[in-house]
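From first to last, the protein sequence lines stand for chains A and B.
Per the working numbering, residue 1 is the first one in the first sequence, and the count goes up by one each step.
Per the working numbering, residue 121 is the first one in the second sequence, and the count goes up by one each step.
Incorrect hints may have been included.
[Said to hold, decoys possible] With a straight-line Cα cutoff of 25 Å, these simulated DMTMM-like cross-link-like pairs (lysine to aspartate or glutamate) come out:
| hint | chain 1 | residue 1 | chain 2 | residue 2 |
| --- | --- | --- | --- | --- |
| 1 | A | LYS89 | B | ASP247 |
| 2 | B | LYS502 | B | ASP529 |
| 3 | B | LYS478 | A | ASP94 |
| 4 | A | LYS89 | B | ASP611 |
| 5 | B | LYS502 | A | GLU15 |
| 6 | B | LYS584 | B | ASP565 |
| 7 | A | LYS89 | B | ASP232 |
| 8 | B | LYS580 | A | ASP106 |
| 9 | A | LYS115 | B | GLU190 |
| 10 | B | LYS502 | A | GLU112 |
| 11 | B | LYS564 | A | ASP12 |
| 12 | A | LYS90 | B | GLU524 |
| 13 | B | LYS483 | A | ASP23 |
| 14 | B | LYS273 | B | GLU426 |
| 15 | B | LYS182 | B | GLU139 |
| 16 | A | LYS40 | A | ASP106 |
| 17 | A | LYS113 | B | ASP611 |
| 18 | B | LYS502 | A | ASP12 |
| 19 | B | LYS505 | A | ASP106 |
| 20 | A | LYS115 | B | GLU536 |
| 21 | B | LYS478 | A | ASP87 |
| 22 | A | LYS90 | B | ASP232 |
| 23 | A | LYS90 | B | ASP563 |
| 24 | A | LYS89 | B | ASP343 |
| 25 | A | LYS113 | B | ASP302 |
| 26 | B | LYS564 | A | GLU112 |
| 27 | B | LYS502 | A | ASP10 |
| 28 | B | LYS662 | B | ASP611 |
| 29 | A | LYS115 | B | GLU426 |
| 30 | B | LYS564 | A | ASP44 |
| 31 | A | LYS90 | B | ASP501 |
| 32 | A | LYS113 | A | ASP39 |
| 33 | B | LYS478 | A | ASP60 |
| 34 | B | LYS564 | A | ASP23 |
| 35 | A | LYS89 | B | ASP565 |
| 36 | A | LYS113 | B | ASP529 |
| 37 | A | LYS116 | B | ASP529 |
| 38 | A | LYS89 | B | GLU524 |
Please keep in mind that the hints were generated in silico from the structure rather than gathered at the bench.
Here is what each chain is made of, one letter per residue.
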Amino acid sequence: MKRVLVVDDDLDILEALRFMLEDAGFVVETTPKNGSIVDKKIKDHPPDIILLDVLLSGHDGRHICKKLKSGKNTKDIPIIMISAHPDAKKTSFDAGADDFLGKPFDIGVLLEKIKKNLRP
Amino acid sequence: MKKLPTQSNQDPSSPINSEVNDFRIFMEKIISWASIIESSEDAIITKTLDGIITSWNKGAEKIFGFSASEAIGKSITIIIPKDLQKEEVAIIKKLKRGIQIEHSESVRLRKDGNKINVSLSISPIKDSGGAIIGAAKIVRDITHYKQMEQNLKFLSEASKILSSSLDYQTTLNSVAQLAVPDIADWCAVHLVEDGQAKQVALTHKDPQKIKWAMQINKQYPQDMDAKTGVPNVLKTAKSELYPQIPDEMIVAAAKDKNHLKLIRNIGLKSAMIVPIIINNKCIGAITFVTTETMRKYNPSDLKIAEELATRAGLAINNARIYKETQRAIAMRDDFISIASHELKTPVTSLKVYTQVLKQHSQKNSQSLVAPYLDRMDAQVDKLTKLISDLLNISRFQTGKLEFEESFFDINQLINEVVDNIQASSPDSKLILQVKKVGKIYGDKDRVGQVLVNLLSNAIKYSPKVNKIIIRLLQESNKINISVQDFGIGIDKKHHEQIFERFYQVDNPQEKTYPGLGIGLYISKEIALRHGGNLRVKSSRGKGSTFTLILPKKRGKK
Numbered sequence: 001m002k003r004v005l006v007v008d009d010d011l012d013i014l015e016a017l018r019f020m021l022e023d024a025g026f027v028v029e030t031t032p033k034n035g036s037i038v039d040k041k042i043k044d045h046p047p048d049i050i051l052l053d054v055l056l057s058g059h060d061g062r063h064i065c066k067k068l069k070s071g072k073n074t075k076d077i078p079i080i081m082i083s084a085h086p087d088a089k090k091t092s093f094d095a096g097a098d099d100f101l102g103k104p105f106d107i108g109v110l111l112e113k114i115k116k117n118l119r120p
Numbered sequence: 121m122k123k124l125p126t127q128s129n130q131d132p133s134s135p136i137n138s139e140v141n142d143f144r145i146f147m148e149k150i151i152s153w154a155s156i157i158e159s160s161e162d163a164i165i166t167k168t169l170d171g172i173i174t175s176w177n178k179g180a181e182k183i184f185g186f187s188a189s190e191a192i193g194k195s196i197t198i199i200i201p202k203d204l205q206k207e208e209v210a211i212i213k214k215l216k217r218g219i220q221i222e223h224s225e226s227v228r229l230r231k232d233g234n235k236i237n238v239s240l241s242i243s244p245i246k247d248s249g250g251a252i253i254g255a256a257k258i259v260r261d262i263t264h265y266k267q268m269e270q271n272l273k274f275l276s277e278a279s280k281i282l283s284s285s286l287d288y289q290t291t292l293n294s295v296a297q298l299a300v301p302d303i304a305d306w307c308a309v310h311l312v313e314d315g316q317a318k319q320v321a322l323t324h325k326d327p328q329k330i331k332w333a334m335q336i337n338k339q340y341p342q343d344m345d346a347k348t349g350v351p352n353v354l355k356t357a358k359s360e361l362y363p364q365i366p367d368e369m370i371v372a373a374a375k376d377k378n379h380l381k382l383i384r385n386i387g388l389k390s391a392m393i394v395p396i397i398i399n400n401k402c403i404g405a406i407t408f409v410t411t412e413t414m415r416k417y418n419p420s421d422l423k424i425a426e427e428l429a430t431r432a433g434l435a436i437n438n439a440r441i442y443k444e445t446q447r448a449i450a451m452r453d454d455f456i457s458i459a460s461h462e463l464k465t466p467v468t469s470l471k472v473y474t475q476v477l478k479q480h481s482q483k484n485s486q487s488l489v490a491p492y493l494d495r496m497d498a499q500v501d502k503l504t505k506l507i508s509d510l511l512n513i514s515r516f517q518t519g520k521l522e523f524e525e526s527f528f529d530i531n532q533l534i535n536e537v538v539d540n541i542q543a544s545s546p547d548s549k550l551i552l553q554v555k556k557v558g559k560i561y562g563d564k565d566r567v568g569q570v571l572v573n574l575l576s577n578a579i580k581y582s583p584k585v586n587k588i589i590i591r592l593l594q595e596s597n598k599i600n601i602s603v604q605d606f607g608i609g610i611d612k613k614h615h616e617q618i619f620e621r622f623y624q625v626d627n628p629q630e631k632t633y634p635g636l637g638i639g640l641y642i643s644k645e646i647a648l649r650h651g652g653n654l655r656v657k658s659s660r661g662k663g664s665t666f667t668l669i670l671p672k673k674r675g676k677k
């Protein structure tokens, strides 16, 4: 079973995504956007894919993405960035994201993107 | 002159009496001419062809300051400034040819060295043989008139400067610079900031003098409780006019002997200070002072200065209102941005749960629940769209909607959009009649946005018939994408307005179609920004065809 790490500051969204992804057969880890907690989660339970929220005004989502993509142990983990702000798409790819999804999203579309970006 | 005796005997026809009579009439004429010359306010001067003054009336005494005994016998050059001596030579030349000079404007010199603006009329004096022996000169002092002319020109120029920019610090400085040296020797502008009078401009034609004045100001800062001058004008919002600054005022303003000496050194002659008023509040003052030019300000000068202050007040007020408006708009936009972001968060969770439940109900073929979950999902989408529209309006209005252009495959985009919409509207029948066009230049996301908008509208406004045809074809260097529905259609009278912001066709008898009414507005703007257009063909009850026209390739801007 593939493991998904969901990184978002909103607890309700973390819960909803956990519900949906477990239902779809994934093992789910969730964490708020705290850099050190994210690092710990990745170390303890390396994920197969990461869903990362972007907050447009703060830079933490993209910052975390950049850091992970340049980290020796983490650069190969695919990252899908999600955001409520449509302008976040370009900057997400600039930060090294493998894919992008706008909120609110269709769960079918999310599952397809996860399938597409997972390493075989 | 005494009146002459009339006649020696009573008989008017006697020869000696008629001679006396003629002489009397002649002398009376001379006396009345003489009194005209004497009482004239203008200077009436006669001179020889060598320029020696031969007569000098009261007017000349008054205007030039030389008495008749001082002037007669001297050269006319005593009243001509050194740099204009050539003028006199030219005048004499003209006179010798018998040419009259009328209303020629020039500058002449007073006894005290002051220059004055004058208007000259000079005519040749001939002797009984017709030979030119001299000239008669009428000189009118037009200094006052010239000053008024200058005042008005200054006011006009200053107004132009004030309305040229919202940066009133700079424009006020420019106006103060404009004022010297034509209107004043010194000009200063003060504005009230945080209860203090701040000097925002100080000008004089000699920058050294400005430095020196600022040093004095630093050493002896202005007493804000002074009963006269800028502090008083700021307090009372009333103008002050000093045609001649009295020495007592200077003594009262001086803080010590040294200060008094410094002030006296400046050589203050005349001053006027006018308040700048906005909404009945005095927010500043403009000061005009003469020193070197020795001009004396009068009430009509003050009127011009007050008019200038009024216009300055308007300019400053405009700038402030604009700044506040911009700030309010920015705050509103920030609020809308944050609000729509916040709204999307719970909607995201809602959609996830709704769709998971939908999936489950479909798997368990619980037909009771499935249709309701379908409707719930559709409503969540509507909610999402409203929130996005809200965000889009404000961003579009402030021009923040960014365009990213590149080459993209239009066929691929159409397929993507149609697939997505078909997936979320399984009841609609989307038919593609597309020719292969390939790559076009534009913003893929925005063009996609337009297609989504047109298709959503087509579905929304076709409650009964679910067929929708999407066509794509190329016409020379343009591509046409049309979306045709067979729904309720749009009456011709609305065809122009539907592209306007917030416009919704009002149909009280029919269903209400909720939305903010900006989809077509934004779609048309996107089309126009690409150098294309968005057109509609429709009539009531017969469905609608919206055509998006885009240039295939665009020359890079």
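Here's how the hints hold up against the structure:
{"no.": "1", "hint": "LYS89(A) to ASP247(B)", "result": "violated, 101 Å"}
{"no.": "2", "hint": "LYS502(B) to ASP529(B)", "result": "violated, 29 Å"}
{"no.": "3", "hint": "LYS478(B) to ASP94(A)", "result": "violated, 35 Å"}
{"no.": "4", "hint": "LYS89(A) to ASP611(B)", "result": "violated, 39 Å"}
{"no.": "5", "hint": "LYS502(B) to GLU15(A)", "result": "holds, 23 Å"}
{"no.": "6", "hint": "LYS584(B) to ASP565(B)", "result": "violated, 31 Å"}
{"no.": "7", "hint": "LYS89(A) to ASP232(B)", "result": "violated, 81 Å"}
{"no.": "8", "hint": "LYS580(B) to ASP106(A)", "result": "holds, 20 Å"}
{"no.": "9", "hint": "LYS115(A) to GLU190(B)", "result": "violated, 113 Å"}
{"no.": "10", "hint": "LYS502(B) to GLU112(A)", "result": "holds, 23 Å"}
{"no.": "11", "hint": "LYS564(B) to ASP12(A)", "result": "violated, 33 Å"}
{"no.": "12", "hint": "LYS90(A) to GLU524(B)", "result": "holds, 10 Å"}
{"no.": "13", "hint": "LYS483(B) to ASP23(A)", "result": "holds, 13 Å"}
{"no.": "14", "hint": "LYS273(B) to GLU426(B)", "result": "holds, 15 Å"}
{"no.": "15", "hint": "LYS182(B) to GLU139(B)", "result": "violated, 39 Å"}
{"no.": "16", "hint": "LYS40(A) to ASP106(A)", "result": "violated, 30 Å"}
{"no.": "17", "hint": "LYS113(A) to ASP611(B)", "result": "violated, 43 Å"}
{"no.": "18", "hint": "LYS502(B) to ASP12(A)", "result": "holds, 21 Å"}
{"no.": "19", "hint": "LYS505(B) to ASP106(A)", "result": "holds, 13 Å"}
{"no.": "20", "hint": "LYS115(A) to GLU536(B)", "result": "holds, 18 Å"}
{"no.": "21", "hint": "LYS478(B) to ASP87(A)", "result": "violated, 30 Å"}
{"no.": "22", "hint": "LYS90(A) to ASP232(B)", "result": "violated, 79 Å"}
{"no.": "23", "hint": "LYS90(A) to ASP563(B)", "result": "holds, 13 Å"}
{"no.": "24", "hint": "LYS89(A) to ASP343(B)", "result": "violated, 61 Å"}
{"no.": "25", "hint": "LYS113(A) to ASP302(B)", "result": "violated, 76 Å"}
{"no.": "26", "hint": "LYS564(B) to GLU112(A)", "result": "holds, 21 Å"}
{"no.": "27", "hint": "LYS502(B) to ASP10(A)", "result": "holds, 23 Å"}
{"no.": "28", "hint": "LYS662(B) to ASP611(B)", "result": "holds, 9 Å"}
{"no.": "29", "hint": "LYS115(A) to GLU426(B)", "result": "violated, 77 Å"}
{"no.": "30", "hint": "LYS564(B) to ASP44(A)", "result": "violated, 41 Å"}
{"no.": "31", "hint": "LYS90(A) to ASP501(B)", "result": "holds, 24 Å"}
{"no.": "32", "hint": "LYS113(A) to ASP39(A)", "result": "holds, 24 Å"}
{"no.": "33", "hint": "LYS478(B) to ASP60(A)", "result": "violated, 34 Å"}
{"no.": "34", "hint": "LYS564(B) to ASP23(A)", "result": "violated, 34 Å"}
{"no.": "35", "hint": "LYS89(A) to ASP565(B)", "result": "holds, 10 Å"}
{"no.": "36", "hint": "LYS113(A) to ASP529(B)", "result": "holds, 21 Å"}
{"no.": "37", "hint": "LYS116(A) to ASP529(B)", "result": "holds, 21 Å"}
{"no.": "38", "hint": "LYS89(A) to GLU524(B)", "result": "holds, 12 Å"}
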